[in-house]
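Number of protein chains: 4
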Amino acid sequence: MARRDQTQQETAAPPLGIGMVGYAFMGAAHSQGWRTAGHVFDLPMRPVLAAICGRDRTAVEAAAGRHGWAAAETDWRALIARDDVQLVDICTPGDSHAEIAVAALEAGKHVLCEKPLANTVDEALAMTAAAGRAAALGRTAMVGFNYRRVPALAHARRLIADGRIGTLRHIRAAYLQDWLTDPASPLTWRLKKERAGSGALGDLGAHVVDLAQFLAGEPLVAVSAVSETFVRERPLPAGPSGGLGGGGAAGGTGAVTVDDAAVFTGRLASGALASFEVTRMAAGRKNALRLEINGERGSLAFDLERLNELSFHDHTEPAATAGFRRVLVTEPDHPYLEAWWPPGHTLGYEHTFVHQARDVIRTIAEGAPPVPSFADGLQVQRVLAAVEESAAKNSVLTPVPL
Amino acid sequence: MARRDQTQQETAAPPLGIGMVGYAFMGAAHSQGWRTAGHVFDLPMRPVLAAICGRDRTAVEAAAGRHGWAAAETDWRALIARDDVQLVDICTPGDSHAEIAVAALEAGKHVLCEKPLANTVDEALAMTAAAGRAAALGRTAMVGFNYRRVPALAHARRLIADGRIGTLRHIRAAYLQDWLTDPASPLTWRLKKERAGSGALGDLGAHVVDLAQFLAGEPLVAVSAVSETFVRERPLPAGPSGGLGGGGAAGGTGAVTVDDAAVFTGRLASGALASFEVTRMAAGRKNALRLEINGERGSLAFDLERLNELSFHDHTEPAATAGFRRVLVTEPDHPYLEAWWPPGHTLGYEHTFVHQARDVIRTIAEGAPPVPSFADGLQVQRVLAAVEESAAKNSVLTPVPL
Amino acid sequence: MARRDQTQQETAAPPLGIGMVGYAFMGAAHSQGWRTAGHVFDLPMRPVLAAICGRDRTAVEAAAGRHGWAAAETDWRALIARDDVQLVDICTPGDSHAEIAVAALEAGKHVLCEKPLANTVDEALAMTAAAGRAAALGRTAMVGFNYRRVPALAHARRLIADGRIGTLRHIRAAYLQDWLTDPASPLTWRLKKERAGSGALGDLGAHVVDLAQFLAGEPLVAVSAVSETFVRERPLPAGPSGGLGGGGAAGGTGAVTVDDAAVFTGRLASGALASFEVTRMAAGRKNALRLEINGERGSLAFDLERLNELSFHDHTEPAATAGFRRVLVTEPDHPYLEAWWPPGHTLGYEHTFVHQARDVIRTIAEGAPPVPSFADGLQVQRVLAAVEESAAKNSVLTPVPL
Amino acid sequence: MARRDQTQQETAAPPLGIGMVGYAFMGAAHSQGWRTAGHVFDLPMRPVLAAICGRDRTAVEAAAGRHGWAAAETDWRALIARDDVQLVDICTPGDSHAEIAVAALEAGKHVLCEKPLANTVDEALAMTAAAGRAAALGRTAMVGFNYRRVPALAHARRLIADGRIGTLRHIRAAYLQDWLTDPASPLTWRLKKERAGSGALGDLGAHVVDLAQFLAGEPLVAVSAVSETFVRERPLPAGPSGGLGGGGAAGGTGAVTVDDAAVFTGRLASGALASFEVTRMAAGRKNALRLEINGERGSLAFDLERLNELSFHDHTEPAATAGFRRVLVTEPDHPYLEAWWPPGHTLGYEHTFVHQARDVIRTIAEGAPPVPSFADGLQVQRVLAAVEESAAKNSVLTPVPL
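Protein chains in written order, with full-length UniProt numbering: chain W, 1 to 402; chain U, 1 to 402; chain S, 1 to 402; chain C, 1 to 402.
Next up, chain W with everything else stripped away, as it sits in the complex (with noise of 0.2 Å):
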């Protein structure tokens, strides 16, 4: 009977320390992620779940039980001063993300941060900056944009980079939802413009800016924006408030004081028009982030709600046989794919954080500058405020600055 102790790669690689904060949503995806990272891809640095981090005791012990965490802390603070804890995983909302960050950077370790980076330009300034000086130090930082991860986006890329589709015309993007439809859905934090910064223009926003950009291969120049908040109070959560029960609320309502939904269009640097619609109110679309993109030579086109699928058209095909190819991305040579199924074998959405595990672990050990960056983050982050200025005055248009 051949007793193991350890698994081979254990022994092969290097243990990088993991300590995460938050362990709401993005915590279990983030999780999912490290747990499983190692044991599908061959990897430079073997993740360890070293600690997580919760203001609640009980609540962030229950978590790190469930999600395979070693240790718990209830001071971020603490956290980062860990030794066993090299890479710092900032899954709170968006009002902590430059605190921690560069307290963590400036402690030396490296990080990976949720998107958006920051709730302001401002902060996410002071994040970039501070990950400038980290890198000097040889410490990666790098923003979540998970969706970058998905093959058939990956892969999408890889299209455009090789000319595919041509000199870019047509970027259009949604990202549709649907759950503060019904008016009688309960105030929560991420209603809150304190916590949360912006409504769906930051969380869905923000994942649509950046994947537009990182497909175009260019930034954003300038937008034109119009947003709503259509139901403007709603109903107090029941239980604790977490705070949301002071400012204007009158008989167990309170404000909501973020966007519910924005529309904007913009051009890109090469003069290719976007346009871009954010909601979460579009009844029945649960999570589609639709992009197309058109080109002088061909088209792509894609739905997270099919996150295995790729429509690509070659406009040099005969017209007699071209149409658009619905290419199911699971195949070896497709990103991401040589260490998962055989072809037709389907990946989900928290396959994207897996993959976020191996691409941040790679750049760390490789030195390799991290992508998306803070940097990025930042330039998505001024998109998101021009487009908020341009809501303010009128729709007109407004520079995104370099």
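It should be emphasised that the hints constitute simulated quantities derived from the structure, not laboratory data. Errors might be hidden in some of the hints.
One copy or any two copies: either way a pair holds, since identical chains are not told apart in the list.
Derived SDA-like pairs (lysine to any residue); straight-line CA-CA distance at most 25 Å [to be verified]:
1. LYS193 with PRO237
2. LYS193 with GLU296
3. LYS193 with PRO342
4. LYS193 with ARG267
5. LYS393 with ALA107
6. LYS193 with ALA126
7. LYS393 with THR120
8. LYS393 with PRO219
9. LYS193 with PRO401
10. LYS393 with ASP303
11. LYS193 with VAL48
12. LYS193 with GLY271
13. LYS193 with PHE25
14. LYS393 with VAL221
15. LYS393 with ARG267
16. LYS393 with GLY271
17. LYS393 with ALA269
18. LYS193 with ALA375
19. LYS193 with ALA255
20. LYS193 with ASP95
21. LYS393 with ARG382
Fit chains U, S and C to the known structure of chain W by using the hints.
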């Protein structure tokens, strides 16, 4: 052997003499509508294809033969003057709509005018005024927004009017074609402002603006726009240039003076948000007129490339069995379908013109208000003018006059 | 003012007088085909809707008026005898096809006969023999497998003939409808063996068997089948029962004597496997004629509910960009499309009859062999007979005679 | 700093030691299931990846490291003998299932056995008998029909059991793959009868037969079949031939001794008709396990390539708004979804193994009857044997023994 000299319908219903100006794409489509409507629907008047008009005698006589018109004219004034013509059907480019329509109405004829109603708001105002005077004398003036006659869209309007999707939150509309994707595609009259008025905006935008307002049952009150001409010089076409060879041409090319594409956002009267995109450079999209409308109780979606289908989401269903339904709009109780084939037997593009013929004949016979009226066409023109103004003024949100 | 008494086409092409027997669903569809073909395609002969025939004088005269026929007859022998009829178009139930077709051919008329060619192989044999004799005298006999005229399917045949999908491996075909799903749906002539010959098998199976063999370019050589009548008694229809009230009825119901559904498998001459399913009890499927063909170099798929689309997979493409393409079959170089609308402007069900009218007229004018011929119709009949035999003999694999 | 040596769950739930035989595709998938289930679901026992077994020491140790197993064995008898193993998970080819499973059950272990349960009915009978004896001693034996754990299919079963589609009329099932399309694709153990038992039939047919019966809630009682081996000689693979080089090979090729494809029809106990097709030569279909079920009150449709979606048609809806709904099966009240992500965040192929791990652990802890049991696996085997018998006997309808 029972000899019949006339069909039963011919004896039962009085004739309505049609005189059509123009015989290109729209002329062919309208001819099919006039020829077919009486054989499918029970009509109070029998359309007679009396005379067709075009400037080139050889070509117009060939068109008369091909399309089944009893006579040919080369001067639209002569067509209007014919005693056997009671309805003038205008299928010419937009720059001649106003002159012909006003003359026909003043001569006591009914008028059906292709969209866009005119190339300018001033022309549309004059036409609407003439329609008002003619209405007092029992004459009908209708604008040819044929897509209102797609059964799926007429059904969608019914569902919305019945409250099935509740308070509207979003309309997103796109009309995507790709026939100008290739920069070597030649310069035609459709690319010259003096003939076509505008580019994708007037051609495609007129349709989607009309449909968005028709479906919503309310007007757009403000718009913000960006437009673009991606390819500014194109080769002159072979053969007679149709007056296109002049200004700016050098070495066999000429200037494109209209937009290739426009993206715009807006607000409906009720506060719902709207987004629009029109382009002739979306590679692989042949006739993708797409509409999606989200309300508090449900959503609807449509794509003209699948014109027999309407997607409907009923948000009042339990979540476990809710989802967008693909309704095949071929049932006997769907609009226009009572007269066609059994369920599942589909219609095509040209049927919209059969339905239009039915509707204009019934409107004339009943003396009912025309829908859509010239006033409706004028209102669309005002939206398009506001779009152009906004695009020229840095996308600033521009009100649409009532 | 240029008065024209005849259209140019009328003078250019000699007339071909059509006499049609039957005026229900198929009569209406064929009428639309005859009325329209000459206005869309350049034809060597001009179809003239000379006379229509049915047993009920009032009804047939109404149909003549509605559908545009110059005369009405109540005896098909009188119709055949008319001098102004050169082609007899048979749109009656299957039990009268043989008698009418043979008489018409013997009277020197061309014949177009609706599918299925006959209710029995013996009838079909007699008809094919008559067609052979008539062919020697320059008469055309064609069977109305109209779905061969769907542009997407004609295009599919071209691709297969060109070797684009290579050696065939599989054909799977289904024709699913749902109008008999409700057990309370009434008993009609289509549910009586003596009139209809068989149920879903003859009505729907004839189409898919013909299409499978047409697309493959080779015959089925053996079949194995199961069939079923799920609802064996149905209420008698209100009103005149058309002779359905008799045998087996008790308390207002009558026996269904045909199949509701059949599933069968088979082999093509080349060894490819085939599977078929036909039913009128597939709830929610209105007219789902689906075909998929897999070959060594590619695959094709089609669904009649989306008749403008053909799915094509090119297996010689690199896997990373391969996938089923949605080809919108509306390009000028697609079959039949040279005469219709610009790309992306769709056709519908009835266009198959316009195309059929075009094809039969050209065949007559050119003296070419008819496709599909009565011999082709006979061969389909032999397959259906083999299916019935197999179903009756415990599904044993039953050869199809050559 | 709060040090935790064990997660909360570790202390709360007793361990269940897993010993897995086999470490290829299925081994990797099962490992992911065992590693993940306890981090997502509340489980009564905590799975511990105790030991993995394979014949090649180097390879199995590498697999242990990769997949997270604490120990490696090279003899499955040694694995069964381990005290830290309470459940034996059999992921080997079908020819060793019976021997391992019977030995494990007789040693007092729980067993999870990959499908197909065995290569022959006799083996399956012996296994079922062993399972019966073990059940009396409190041991669980389950067969790994993982697709029952696809949430959309589990939801479909619920809807059918609730009567939402009424009396069943039709089941049509296909499992289409394309990895043998190329005749130059090499000969592997899966193409040899002595290892794999059968070809597409056992590999793919076992899944669709099980699912059809699972969804219908009733067994197939008779089948009629045709099968084919299109490519009868294939090149031997490079490298160690695994015993494939022998019989019949000449010049580097060997005989394929299993089917490439099979099509079969059948009847369910209730009289509903069924049709099946399984193949590995459907070019462009990667993992197209498709099911459609039609009943008197509605229909359901599914395609594994879009495993998060279930199509549902409610035939009791008014026709004007009826149609197949695309239900995104990601709602909290869908099966298995209570523990995953918010609505619209999709799952993938491997989640079926996480769900299977959950279900087998709960079954063991509760002492509940296993679903699907070895008896269920035996019944599927009887269907497959009847299919082979029918195919060998000229497709004659062959009863499935109870």
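Okay, the hints, checked on the actual structure:
1. Taking the shortest Cα distances, LYS193 and PRO237 sit within 25 Å of each other inside one copy (17 Å), while across copies they are farther apart (57 Å).
2. In this assembly of identical chains, the alpha carbons of LYS193 and GLU296 lie at most 25 Å apart only when taken from different copies (24 Å versus 41 Å within one copy).
3. Proximity of LYS193 to PRO342 under the C-alpha cut-off of 25 Å is restricted to the inter-copy arrangement: shortest distance 22 Å between copies versus 45 Å within a copy.
4. Taking CA atoms no more than 25 Å apart as the test, LYS193 paired with ARG267 passes between copies only; the shortest distance there is 24 Å, against 28 Å inside one copy.
5. Taking the closest pair of Cα atoms, LYS393 and ALA107 never come within 25 Å of each other, the shortest separation being 41 Å inside a single copy and 50 Å across copies.
6. Taking identical chains as interchangeable, the C-alpha atoms of LYS193 and ALA126 lie at most 25 Å apart only when both belong to the same chain, with a minimum of 20 Å there against 50 Å between chains.
7. When the C-alpha separation of LYS393 and THR120 is checked against a cutoff of 25 Å, the pair qualifies only within one copy, where the shortest distance is 18 Å, while the shortest distance between copies is 29 Å.
8. With identical chains, the CA atoms of LYS393 and PRO219 are at most 25 Å apart both within one copy (22 Å) and between copies (23 Å).
9. In this assembly of identical chains, the alpha carbons of LYS193 and PRO401 lie at most 25 Å apart only when taken from the same copy (23 Å versus 35 Å across copies).
10. Proximity of LYS393 and ASP303 under a CA criterion of 25 Å is satisfied in neither setting, with 32 Å inside one chain copy and 34 Å between copies.
11. In this assembly of identical chains, LYS193 and VAL48 lie within 25 Å of each other by CA distance neither inside one copy nor across copies; the values are 35 Å within and 45 Å between.
12. Taking the shortest Cα distances, LYS193 and GLY271 sit within 25 Å of each other only across copies (22 Å), while inside one copy they are farther apart (33 Å).
13. For the identical chains of this complex, LYS193 and PHE25 are intra-copy neighbours only, at 20 Å inside a copy versus 48 Å across copies, given an alpha-carbon limit of 25 Å.
14. In the homo-oligomer, the alpha carbons of LYS393 and VAL221 lie at most 25 Å apart both inside one protomer (17 Å) and across protomers (17 Å), since each shortest distance falls under that limit.
15. Within a single copy, LYS393 and ARG267 get their C-alpha atoms as close as 18 Å, and across copies as close as 15 Å, so both meet the 25 Å cut-off.
16. In this homomeric assembly, LYS393 and GLY271 come within 25 Å of each other (Cα to Cα) both inside a single copy, at 23 Å, and across copies, at 18 Å.
17. Proximity of LYS393 to ALA269 under the C-alpha cut-off of 25 Å is found in both arrangements, the shortest distances being 23 Å within a copy and 20 Å between copies.
18. For the identical chains of this complex, LYS193 and ALA375 are intra-copy neighbours only, at 23 Å inside a copy versus 44 Å across copies, given an alpha-carbon limit of 25 Å.
19. In the homo-oligomer, the alpha carbons of LYS193 and ALA255 lie at most 25 Å apart inside one protomer (10 Å), although the nearest pairing across protomers, at 49 Å, exceeds that limit.
20. For a Cα distance limit of 25 Å, the shortest separation of LYS193 from ASP95 inside one copy, 10 Å, qualifies, whereas the shortest one across copies, 51 Å, does not.
21. In this homomeric assembly, LYS393 and ARG382 come within 25 Å of each other (Cα to Cα) both inside a single copy, at 16 Å, and across copies, at 23 Å.
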